[in-house]
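Protein sequences appear in the order of chains G and H.
Last residue of the first sequence: 380 in this note's numbering, with the numbers rising by one and none dropped.
Last residue of the second sequence: 1380 in this note's numbering, with the numbers rising by one and none dropped.
Just so you know, these hints were derived from the structure itself, not from any lab.
What you are looking at is a predicted structure, and each value in this text was computed from that prediction instead of being measured.
Don't be surprised by glycine CBs; every beta carbon is placed ideally from N, CA and C.
Among these hints, one or two may not hold up.
Interface residues of chain G toward chain H, partial, derived using beta-carbon atoms under 10 Å [stated by the list, open to error]:
id: 1; residue: A41
id: 2; residue: M108
id: 3; residue: H181
id: 4; residue: C218
id: 5; residue: E256
2 protein chains.
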Amino acid sequence: MDSTASTSSQSGEISDKHPTVTVDLGQRSYPIEITTAATEAFPASVSKALPDLTHAVLIHDEAVESYAAELQQKLSDIRPSVRVDRVDVPSGEPSKSFQQLQRLLDAMLACGADRRSVVIAVGGGVVGDLAGFAAASFARGIRFVQVPTTLLAMVDSSVGGKTGINLAGGKNMVGAFWQPHLVWIDTQVMNTLPERSFLSGLAEVVKYGVIDDAEFFCDLERDASALVQRQDAVLRQAIERSCQSKARVVNEDERETSGRRAILNYGHTFAHAIEATAGYGTLLHGEAVSIGMQMAASLAIDLGLCEADLLTRQTKLLLDCGLPVRFPDADVQAMLPVMMRDKKVEHGKLRFILPRKLGQVDLVGDVDQANVVKAIHAHR
Amino acid sequence: MDSTASTSSQSGEISDKHPTVTVDLGQRSYPIEITTAATEAFPASVSKALPDLTHAVLIHDEAVESYAAELQQKLSDIRPSVRVDRVDVPSGEPSKSFQQLQRLLDAMLACGADRRSVVIAVGGGVVGDLAGFAAASFARGIRFVQVPTTLLAMVDSSVGGKTGINLAGGKNMVGAFWQPHLVWIDTQVMNTLPERSFLSGLAEVVKYGVIDDAEFFCDLERDASALVQRQDAVLRQAIERSCQSKARVVNEDERETSGRRAILNYGHTFAHAIEATAGYGTLLHGEAVSIGMQMAASLAIDLGLCEADLLTRQTKLLLDCGLPVRFPDADVQAMLPVMMRDKKVEHGKLRFILPRKLGQVDLVGDVDQANVVKAIHAHR
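Pulled out of the complex, with its shape left as it was, chain G reads as follows (with noise of 0.2 Å):
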C-alpha cells in the first residue's frame, strides 16, 4: 500500500474562498475543491491539476448541458492548443449500461482522443460512475475529472475511485477502481435540483455524522434549517466534513479489501431492501438510506449495542433534513430474500454496519433474522 491515512483540509491554493480536501493516495491523491458560483476559477484548477492538458472529452447529463457548455467554454479559452468536445448521456440509471458505454468509447475515439486526453465527468452519480469507468477502460485507463451535479454525488459518487455500470442481473456488477485526478463541486449547480433530490442528498450527509464525526452530527443538529434552506457557506461547509469523512476511509481501504470501506454502507443494506422490493424509484436513494439508517439503529439498540438515545437525536436530524424515517410499505418478507443476496452476506449469515455511538460503527456478523425483521417492523 504506497497510501497514508491521514487527510488534511486547508484552504484552495488557487483560491482562499474556496476549502480544499486531499484524497490522500500516494501518487493517485487528488483535491476535491468546494466552491459557489466559481465557474471562472474551474480552467485554473483543471490547469493545476493536469498541466499537460491539450485534449478533454466533456461527458455530460443531458439535463445540465448549459452548465457542461459552459465548462466547455471556459476550458477551450486556456490556451488556444486545448481542445474540448463534448458528449450527452440521456438521464437515469438505465444509461449505467453497455451501449452507453460503448457509444461514449466510440466517440472518444471518433473525436481524436489518446492517451493524453482526458474525461470530464459533469452530472449526477449515473454520469460520474458510467464516464468513470469509459476513462478507465479507454487505451487501458485515461485521466479523469469528476464535476458532480447533484448533492449525492458531491458527497459521495464523486469521490473515492469506484465506477462502474450495471448487467441486467446487478448493479455495479462491472467497473474498477478508478481515481480521479481532480473532484470540482459548485454549489450553485444545485439551484436547479429539484427539492426532493436535494434533500435525498442530506441522508449521506447525516450518515458521515453517524460512522465517522460526531462533531459533525453535533453541527448538523445545529444547522439543519440552513442546510435546508441551501445556503451556501453551510453547504459547502456540510460537504467539506462528509468528503473529509468519506476520503479517511477511502485512504484506509481505498480496494475495499480489508473491510474498512464497508462502514459507508450504514443503512444500505435495508436500503438496497427497501429499494429493490418497493420498485426502483419509488424512493429515491437517500430516502432509502434515511429509513434504513433508522432500521439499523434500531437493530443496535435491539442488539444492546448503543443506547437508545442515538435513534432519538437520528430521528429528529433527519426530519429536520426533510427526510422520511419509515416507509410503511415496508415488505418483509420480499426484503430478506434481497438482502441474503447483499455483497456483505458470507456463508449465509447477514452482516450490517451496526452503530456503538455517535461517530462510531463497526461490521456485526452472525445477526439472527429475528433482530432484522423486528428492526424493519419498527420503521414500518
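Assemble chain H onto chain G, guided by the hints.
Just chain H now, with coordinates in the frame of chain G:
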C-alpha cells in the same frame, strides 16, 4: 512504484521438472510455470497461487474444448468445495468485442461468481485478452489465471497484464492493465497447433533475442531446427527465455508510462501497417512481425545505427524458423498513413524501435519518411 527490476528463474518448487519464471511486481508478482504434459500438476499450482479458491470460471476458446474440459475435471478434484464452471468463446479476433464481453460477464453472474471467484483463461491471445478484461472488470476486478495454448500467447500476450477488446475504430482501444495470479504453460497443447500458427509464434521468440538477449539469439541460431520440430526441451527453454525477457521489460514499465515497454514493439509499427493494408488475416501476426523486424533492421542500418551483420543474422534465423522475410505485395502508399496513426507517433513524427546491436534497441524519433519508404522497399 512497488516493483523491482529483478527477474528470477528457478526450478519450480512444485516439480523439479519444469522451470518457473517470476514476474516481479511487488504485491502483484506471479509465477509463469512452463511444463510439458503436466495437466496432473495443474491443480497443485492453482492451489498454491490461489489457496482460498472455491469457485472458478474457466473461459476457453471453442477450439480447445477437450483440453479445457480436462482442466475443469482436474480442478474440480481439488476438494469437493471447489466449483468450476466453463464458458466457451468463438475462435478468432471478432470475439474481442463488447458483445462477447457482456455475454461472459452475464454468464459469470448467472453461475454465481462473486468477488472471491477466479477466472481461468484457456486459449490464445484473443481469449486471454477478453477473459482477462472480464476478470479486470467483474465486480471491479477479480483474480485470474492465464493458460495460453498458442506459442504466440505463451511468449507474449499472456504475460504482462495487458487485457482488452477492440472498438470498430481501433484494436485494443478498451481494456485494463490487470495482472494474472499465475500463468500455466503446457507445451503439449501445441501438438495440435497448425504449422503456420506455431511458426508464427517463433517470430516473437526471435524478437526477444534482438531486443534484450544476445546470448539467447545465439542459442536460437544453434537450436532453430529443433525448435521448428517442436522438441519439448528446446521449446520449454525458448519459452522460458522469452518470458524472462518479457518479465524484465514489464518489471521496468508495468503500465507503459516510462516508454521502456515500447521496445516490445520492435518490428510492430511496420507489422501493423502490413496487417492493416494487406487485410487482417492475409498474414498471421507473427509473419507480419517477422517482415516488420526485417524492415526495422534495414532502417536502423540505413540510419547508421547498427552494423549490416545484424540483418544478415536475423534474416537467416527467421528463415531457419520457417518465417517470411519479405512481403512482395507491400503497398507503401497505403502503409504510411497507417503508420502515422501508430500510438508511438508524437506530434506527427514517426518513431521506431530500432536495434543498435543484438540485445539492444532504442526508441528513435523524428525518422524521415524517405528512409521508411526505403526500408519497406528493401523487403518487398
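Structure-based check of each hint:
no.: 1; hint: A41; in the structure: violated (30 Å)
no.: 2; hint: M108; in the structure: holds (9 Å)
no.: 3; hint: H181; in the structure: violated (15 Å)
no.: 4; hint: C218; in the structure: violated (35 Å)
no.: 5; hint: E256; in the structure: holds (8 Å)
Going through the hint list in order, the structure does not satisfy hints 1, 3 and 4.
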